[in-house]
Amino acid sequence: MTTGLRSEKQEPHPLHVNCQTEVEVKHGVGLHARPSVTFTRLAKSFPCSIEIAVNGSDVWLNGKSIIKIMGAKIRKGSILRIRADGILAEEAIRALKELIERNFDEEKKHGRTA
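In terms of my numbering, the sequence shown opens at residue 1 and continues consecutively.
Hints are computed from structural coordinates only; laboratory data are not their basis. Careful: at least some of the hints might be erroneous.
What the hints assert, rightly or not - Here are the computed lysine-lysine pairs in the DSS-like style, where the Cα-Cα straight-line distance is at most 30 Å:
(1) LYS26 - LYS64
(2) LYS76 - LYS26
(3) LYS73 - LYS97
Claimed, not checked - Pairwise CB distance ranges (calculated):
(4) GLY77 - GLU107: 15 to 23 Å
(5) PRO47 - ARG75: 24 to 32 Å
(6) ILE87 - VAL29: 29 to 37 Å
(7) GLU98 - ASN55: 17 to 25 Å
(8) ILE87 - GLY28: 33 to 41 Å
(9) GLY28 - ASP85: 26 to 34 Å
(10) VAL29 - GLY86: 28 to 36 Å
(11) LYS97 - SER57: 13 to 21 Å
(12) PRO47 - LYS97: 27 to 35 Å
(13) ASN62 - GLU90: 18 to 26 Å
(14) ASP58 - ASP105: 16 to 24 Å
(15) ARG94 - ASN62: 28 to 36 Å
Here a beta-carbon is modelled for each residue, glycine too, at the ideal position from N, C-alpha and C.
With the hints as constraints, model all of the structure from the sequences given.
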């Protein structure tokens, strides 16, 4: 006799993913203090883990750590690989890539070009 209950395999939560992208840093002085703060603030606003690797390195740095980001001495022309894992990872990657492509919005804030 069956009870009508079925056991189905649970699909992973659709918002819990891991993804990765690459972007070139075009900001005039790279990720100095202000851009690093802007980057890590945005990264911290997402509930997923975020890491970066610089210029093809296999060393992944915590993208939410101002110390790690500034310590990497990321210069203009550097290629960043950004990866995220967890809830809203895809949105986090998209937002961080767009931030870098917009030169960290510094032209708007300070009325100058980077």
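TODO: Hint by hint, work out which the structure violates, then give me just those numbers in ascending order.
DONE: The structure conflicts with hints 12, 14, 15, although it agrees with all the remaining ones.
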